[in-house]
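Novice: Okay, here's what each chain looks like letter by letter:
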Amino acid sequence: MAVVTSSPPAPTKRLLESESAGRRARNRLATVLMAACLLIAMLPLIWILWTVVSRGAGLLGDSTWWTNSQRGITSRRVGGGAYHAIVGTLVMALMTAVISVPIAIGTAIYLVEYGRGRFAKLVTFMVDVLTGIPSIVAALFIYALWVTAFGFQRVSFAVSLALVLLMVPVVVRSTEEMLRLVPRDLREASYALGVPRWKTIVKVVLPTAFSGIVTGIMLGLARVMGETAPLLILGPYTSSINLNPFDGNMAALPTFINQDRNNQALDPAFDRVWAAALTLILIVMVLSVLGRLLSRFGTVKK
Amino acid sequence: MAKRIDVSGLDAFYGHFKAVEDVSLTVEPRSVTAFIGPSGCGKSTLLRTFNRMHEVIPGARVSGKVMLDDENLYDDGVDPVAVRRTVGMVFQRPNPFPTMSIYDNVAAGLRLNGVKNKKVLDEVVERSLKRANLWGEVHDRLGKPGSSLSGGQQQRLCIARAVAVEPQVLLMDEPCSALDPISTLAIEDLIQDLKDRYTIIIVTHNMQQAARVSDRTAFFTIAGAGKPGRLVEIGDTAEMFSRPAEKATEDYITGRFG
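Sequence order for the protein chains is A and B. Take the first sequence: its position 84, counting from 1, is numbered 84 in this note's numbering, and each next residue is one higher. Take the second sequence: its position 207, counting from 1, is numbered 207 in this note's numbering, and each next residue is one higher.
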């Protein structure tokens, strides 16, 4: 083997040198770059919020905004409200959630707790594919099924079906992540008490992951409530209030925005577009806060 | 109450890997048996075959016999869930259920198996916490989360949770390895109290602990990485620590391992 020559003693250096000028400069550069990236990322967000709030806040204070529909109000006229669209959006979101959440949570539980081998891999792959489907494709698929194949009318329930296709993969993914975060220790502790597997999942695993699952559902809902393509294809706009998801047109905030955007040269329509946009943002925000409260409700008080 | 465990010709596998080979031993009721040996020698795996927790891991399986008095745990038709109600387990790291209060943690085993009677649950919770020497410290805050306790208290909470379902046997997988010396002492005292009622097996890396708490000691070892763990010898603890029959045991307990 090669002989290891001892290196000549280095000129005596202090062990704890002060940081070199080069390193300090690199550190500063990196810090500035990171901060710049943060700013660039935040800028559009703040800009959007500012634009929407400054242009939309005016109408939200009107007493009729939260209580009236747009029935009989043309784009030239001031007045009316967004009640029909708010209710429509909430009805569709609720239907979507009621259908998607059990399917998605069931799928996630299967994948994490039971899924082994090929079939589980296939399911995971399908969920991935579904995640990437553009909303208009989901809408057209439901159109082909609901209208062309079954011969039904274009109603808001069909919109919800299209939205289910968009919401399920989001919730499956987030729920899966949350269930995987539950330590194996806890499952084993439950098994060791003689608790069967399904009860362990229902009473130990799901409650432990509860807040994360709720957050995932809220994210999925937020995504779905702003979707426009399924509404354009399956849910024609109406200026009146309709609560029946199986009969007649039902308004929603995105289609309400789209309607008045066609006449944005006229001031009343222009104002309503921004007010409706702000309303949509507020609803999503309120839902997120509710989700947070709900998830806190489930845990033991400190 | 407490039952004898008779193991004969037991092999345990993870997939194709044989982790434990040909173990035969007897664990006496109402006594403490310590399993000692180097890391990876299969003592935890062996412990987990006594309440059929081994097979929870995908691909894991067992061959051989584990008799609990006169019933073989691995007979066809034996429900692993029923086995685990009879053979309780305490884990290396304290693992109280994070979403449950102290009370709910102790009551979990009964409640999840369908007991709803509040009076019964109250009694069991109090009795179990007393047995785990924790009642005095927590009786005025049973509604607080189990995770608000200190590590040593959490481990005693887990012991209370395990004894609440009235098992015959209590398996402890390095129950003190995550605890400070004072909490360790509290658990060791507790083990002495519990052995009047239960058959206790404790896996430990701490030789002094094995000497302090156990009546009998089993020493395991492995020939090398990738080889299965084997039982070297089992005997009275005092005997094992003063005059071990095997050279390997002597080397290990005197620190001249290898």
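The set of hints was computed from the structure by calculation and includes no laboratory data. No experiment lies behind these values; they were computed from the predicted model shown. Be a bit skeptical, because a hint or two may be false.
[To be verified] Here are the in silico distance ranges between beta carbons for each label pair:
id, chain 1, residue 1, chain 2, residue 2, range
1, A, Val123, B, Arg61, 42 to 48 angstroms
2, A, Tyr114, B, Arg61, 16 to 22 angstroms
3, B, Lys119, A, Val53, 53 to 59 angstroms
4, B, Pro58, A, Ala35, 24 to 30 angstroms
5, A, Arg180, B, Gln208, 54 to 60 angstroms
6, B, Val81, A, Leu33, 17 to 23 angstroms
7, A, Gly117, B, Asn113, 29 to 35 angstroms
8, B, Phe17, A, Gly22, 26 to 32 angstroms
9, B, Asn113, A, Val147, 49 to 55 angstroms
10, A, Val202, B, Pro58, 18 to 24 angstroms
11, A, Met42, B, Ala178, 30 to 36 angstroms
12, A, Gly117, B, Lys119, 37 to 43 angstroms
[To be verified] Under the rule of at most 20 angstroms between Cα atoms (straight-line distance), these lysine to any residue pairs were calculated in the SDA-like manner:
id, chain 1, residue 1, chain 2, residue 2
13, A, Lys199, B, Leu121
14, A, Lys203, B, Pro145
15, B, Lys227, B, Gly40
16, A, Lys203, B, Gly40
17, A, Lys121, B, Gly59
18, A, Lys203, B, Val81
Don't be surprised by glycine CBs; every beta carbon is placed ideally from N, CA and C.
Novice: Each of the hints needs a verdict: does it hold here or not?
Specialist: A quick look at each hint next to the structure:
1. Val123(A) <-> Arg61(B): 42 to 48 angstroms: violated (26 angstroms)
2. Tyr114(A) <-> Arg61(B): 16 to 22 angstroms: holds (19 angstroms)
3. Lys119(B) <-> Val53(A): 53 to 59 angstroms: holds (58 angstroms)
4. Pro58(B) <-> Ala35(A): 24 to 30 angstroms: violated (46 angstroms)
5. Arg180(A) <-> Gln208(B): 54 to 60 angstroms: At 39 angstroms between Cβs, range violated.
6. Val81(B) <-> Leu33(A): 17 to 23 angstroms: violated (57 angstroms)
7. Gly117(A) <-> Asn113(B): 29 to 35 angstroms: holds (31 angstroms)
8. Phe17(B) <-> Gly22(A): 26 to 32 angstroms: violated (51 angstroms)
9. Asn113(B) <-> Val147(A): 49 to 55 angstroms: holds (51 angstroms)
10. Val202(A) <-> Pro58(B): 18 to 24 angstroms: The hinted range 18 to 24 angstroms holds for valine 202(A) and proline 58(B), with Cβ atoms some 21 angstroms apart.
11. Met42(A) <-> Ala178(B): 30 to 36 angstroms: violated (42 angstroms)
12. Gly117(A) <-> Lys119(B): 37 to 43 angstroms: Violated: the Cβ-Cβ distance is about 47 angstroms, outside 37 to 43 angstroms.
13. Lys199(A) <-> Leu121(B): Measuring from Cα to Cα gives roughly 19 angstroms; hence the hint holds.
14. Lys203(A) <-> Pro145(B): Holds, because 16 angstroms separates the two Cα atoms, which is no more than 20 angstroms.
15. Lys227(B) <-> Gly40(B): Judged against 20 angstroms, a Cα distance of about 10 angstroms means the pair holds.
16. Lys203(A) <-> Gly40(B): Status violated; Cα separation ~33 angstroms.
17. Lys121(A) <-> Gly59(B): holds (18 angstroms)
18. Lys203(A) <-> Val81(B): Cα-Cα ~16 angstroms, so holds.
Violated hints, in rising order: 1, 4, 5, 6, 8, 11, 12, 16; the structure is consistent with all others.
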